[in-house]
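Asker: For chain A, the structure is supplied; the task is to place chain B on it using the hints.
There are 2 protein chains.
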Amino acid sequence: MDTLYVIKIGGNIIDEESSLSLFLQAFSGIPGKKILVHGGGKLATKLAGQLGIEQQMIDGRRVTDGETLKVVTMVYAGYINKKIVAGLRANGCNAIGLTGTDGNMITAHKRKHPSIDFGFVGDIDSVSTDLLHNLLEQQIAIVAAPITDDGNGQLLNTNADTVAQEIAKAMSSLYEVQLVYSFEKNGVLLDVNNEDSVIPLITEQSYAELKSKQLIFAGMLPKLDNAFAALENGVLKVVIGNAKYLPEIIGGKSGTIIQRNVR
Amino acid sequence: MDTLYVIKIGGNIIDEESSLSLFLQAFSGIPGKKILVHGGGKLATKLAGQLGIEQQMIDGRRVTDGETLKVVTMVYAGYINKKIVAGLRANGCNAIGLTGTDGNMITAHKRKHPSIDFGFVGDIDSVSTDLLHNLLEQQIAIVAAPITDDGNGQLLNTNADTVAQEIAKAMSSLYEVQLVYSFEKNGVLLDVNNEDSVIPLITEQSYAELKSKQLIFAGMLPKLDNAFAALENGVLKVVIGNAKYLPEIIGGKSGTIIQRNVR
Numbered sequence: 026m027d028t029l030y031v032i033k034i035g036g037n038i039i040d041e042e043s044s045l046s047l048f049l050q051a052f053s054g055i056p057g058k059k060i061l062v063h064g065g066g067k068l069a070t071k072l073a074g075q076l077g078i079e080q081q082m083i084d085g086r087r088v089t090d091g092e093t094l095k096v097v098t099m100v101y102a103g104y105i106n107k108k109i110v111a112g113l114r115a116n117g118c119n120a121i122g123l124t125g126t127d128g129n130m131i132t133a134h135k136r137k138h139p140s141i142d143f144g145f146v147g148d149i150d151s152v153s154t155d156l157l158h159n160l161l162e163q164q165i166a167i168v169a170a171p172i173t174d175d176g177n178g179q180l181l182n183t184n185a186d187t188v189a190q191e192i193a194k195a196m197s198s199l200y201e202v203q204l205v206y207s208f209e210k211n212g213v214l215l216d217v218n219n220e221d222s223v224i225p226l227i228t229e230q231s232y233a234e235l236k237s238k239q240l241i242f243a244g245m246l247p248k249l250d251n252a253f254a255a256l257e258n259g260v261l262k263v264v265i266g267n268a269k270y271l272p273e274i275i276g277g278k279s280g281t282i283i284q285r286n287v288r
Numbered sequence: 026m027d028t029l030y031v032i033k034i035g036g037n038i039i040d041e042e043s044s045l046s047l048f049l050q051a052f053s054g055i056p057g058k059k060i061l062v063h064g065g066g067k068l069a070t071k072l073a074g075q076l077g078i079e080q081q082m083i084d085g086r087r088v089t090d091g092e093t094l095k096v097v098t099m100v101y102a103g104y105i106n107k108k109i110v111a112g113l114r115a116n117g118c119n120a121i122g123l124t125g126t127d128g129n130m131i132t133a134h135k136r137k138h139p140s141i142d143f144g145f146v147g148d149i150d151s152v153s154t155d156l157l158h159n160l161l162e163q164q165i166a167i168v169a170a171p172i173t174d175d176g177n178g179q180l181l182n183t184n185a186d187t188v189a190q191e192i193a194k195a196m197s198s199l200y201e202v203q204l205v206y207s208f209e210k211n212g213v214l215l216d217v218n219n220e221d222s223v224i225p226l227i228t229e230q231s232y233a234e235l236k237s238k239q240l241i242f243a244g245m246l247p248k249l250d251n252a253f254a255a256l257e258n259g260v261l262k263v264v265i266g267n268a269k270y271l272p273e274i275i276g277g278k279s280g281t282i283i284q285r286n287v288r
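Sequences listed follow chains A and B, in order.
For the first sequence, the numbering used here gives the first residue as 26, with consecutive numbering after it.
For the second sequence, the numbering used here gives the first residue as 26, with consecutive numbering after it.
Among these hints, one or two may not hold up.
Because identical chains cannot be distinguished in the list, a pair is counted as satisfied if it fits within a single copy or across any two copies.
Claimed, not checked - Lysine to any residue pairs mimicking SDA-like chemistry, simulated, CA-CA at most 25 Å apart: (1) Lys71 to Gly91; (2) Lys135 to Glu42; (3) Lys71 to Gly57; (4) Lys67 to Glu92; (5) Lys67 to Asp90; (6) Lys67 to Leu94; (7) Lys67 to Glu79; (8) Lys210 to Asp90; (9) Lys238 to Thr70; (10) Lys71 to Gln179; (11) Lys269 to Gly178; (12) Lys135 to Ser43; (13) Lys210 to Gln50; (14) Lys135 to Ser46.
Keep in mind the hints are simulated off the structure, nothing from the lab.
Just chain A, with the same shape it has in the complex (with noise of 0.2 Å):
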């Protein structure tokens, strides 16, 4: 099977032009098939507030009102996306941004829960891989914002960490496929302050491991349960890197690799 590279980026690297300039060359390097999945950094809530729109927080997650669906469905979708397509193409590298809804790529559902109210907050139930697969094997790159629908016309906000995971579980069946979350830190750290400690390699025991000791920064873990959740669905390996360093992460020279256990 054909490697798939499933790339995450975070919201800094799109906050700065330079450093998505950088990315996006160093994105349209990597040979063969690739798909990126990005968020929309300050960028959404900079409209927002600009807009006069209120944030409301539950649980460090945004609550995703009518309005604010709007404005995410903006920035994700068209800004973002279409700015990142157009970066790729002048790299050489020919790409389509899609959402969810756009050629029934996701299925998801407005986000249930017992005490609260998420909004426009969509949940994923399955990922359609024959267009991926399609515009892949024509030698396109993918370009996924964190949007989706409900099915009835309802567009949804969706976690883009998520999004990545399920595409990457999906498209296990036709690829290889590695899932890449790049982001401002070296990789998973011993020392939160310290870029230097990054841990090169975490398997299913040396996590358990580093958990009982709580050598890992509490806001990491949420990142390496959803790793070995794709693991375990069939991705092949998970890298957690800096966005500036990709070609180094792809070659596994850089990041924090996790792996179920030592091959």
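Answerer: Relative to chain A, chain B alone:
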């Protein structure tokens, strides 16, 4: 050759929730291959106003400065495009939203003009048929937003009528293309205040006559000139009609049909 409908919808339909909903239902019901091209109606102007961005107009055309470009990209490629795609999905129509940037579909350049700088406005050089053909053959409808780029990463605001026309012309090598301009009027009217005065058929010969007798509303002339240009470049038939009556337009029972000669 199969028939392909390239249908442009005007601003008013997009602005009215119930009109858009009915239109999307009708569009979903058209059998076979179809492409929908949309602009952004009054939403872009409204959003620019809310953000305090001054709209500059020269000769009735919007000058697109950097901030306005951001707004139209967000509104056209983001909010409107994804709302339409989700609406079609809800009607059982598998659709994919694209701009000219996606999949290298359209090659464009920043408008050159001897005296006026229109800002980030794109003129189209060519339309690549490969991706569109491939998607249409998978029974996926295309929803095209009028945003292009210059190949160097710069997004460009592009006239939606022109996008529809250029796509129609390019696709004529693969399909029998019918180009439909649907808007809020019943067709080309002899009396602009009388919706019952639709001219059912205009040929090259009758157009010359109508023009010489000044029987056609001046604002309609550019649309008709464009229609004949499309016909000269392989498009089989152009129809101008009311978006409310899309099934009737497709059935040849409503609107103004524009053909080179009577067959």
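Asker: Measure nothing new, just compare the shortest in-copy and cross-copy C-alpha distances for Lys135 and Ser43 to 25 Å and report within, between, both or neither.
Answerer: Classified as between; 23 Å across copies, 36 Å inside a copy.
Asker: Could you figure out if Lys67 and Glu79 sit no more than 25 Å apart (CA to CA) within one copy, between two copies, both or neither?
Answerer: both (15 Å within a copy, 24 Å between copies)
Asker: With identical chains, the pair Lys210 and Asp90 could be close in the same copy or across copies; at 25 Å between alpha carbons, which is it: within, between, both, or neither?
Answerer: neither (31 Å within a copy, 35 Å between copies)
Asker: Indicate which option fits the pair Lys269, Gly178 if close means a Cα-Cα distance not exceeding 25 Å: within, between, both or neither.
Answerer: Result: close only across copies, 20 Å inter versus 38 Å intra.
Asker: Is the C-alpha distance from Lys67 to Asp90 at most 25 Å within one copy, between copies, in both cases, or in neither?
Answerer: For Lys67 and Asp90, the Cα distance is within 25 Å both inside one copy (18 Å) and across copies (22 Å).
Asker: Give the relationship of Lys67 and Glu92 under a CA distance limit of 25 Å: within one copy only, between copies only, both, or neither.
Answerer: Both, since 17 Å and 17 Å are each at most 25 Å.
Asker: What label fits Lys67 with Leu94 when the C-alpha limit is 25 Å: within, between, both, or neither?
Answerer: The answer is both: 15 Å in one copy and 19 Å across copies each meet 25 Å.
Asker: Checking an output row: Lys210 and Gln50, CA cutoff 25 Å. Within, between, both or neither?
Answerer: Cα proximity of Lys210 and Gln50: one copy only (19 Å, versus 48 Å across).
Asker: For Lys135 vs Ser46, is the C-alpha pair at or below 25 Å within one copy, between two copies, both, or neither?
Answerer: between (34 Å within a copy, 21 Å between copies)
Asker: Please work out whether the CA atoms of Lys71 and Gln179 approach to 25 Å or closer within one copy, between two copies, in both situations, or in neither?
Answerer: Both: 24 Å inside a chain and 22 Å across chains, each within 25 Å.
Asker: Pop the pair Lys135 and Glu42 into one bin, within, between, both or neither, using alpha-carbon distances up to 25 Å.
Answerer: between (33 Å within a copy, 21 Å between copies)
Asker: At 25 Å max between alpha carbons, let me know whether Lys238 reaches Thr70 within a copy, between copies, both or neither.
Answerer: Neither: 37 Å inside a copy, 57 Å across copies.
In summary, the structure is inconsistent with hints 3, 8, 9 from the numbered list given earlier, while agreeing with the others.
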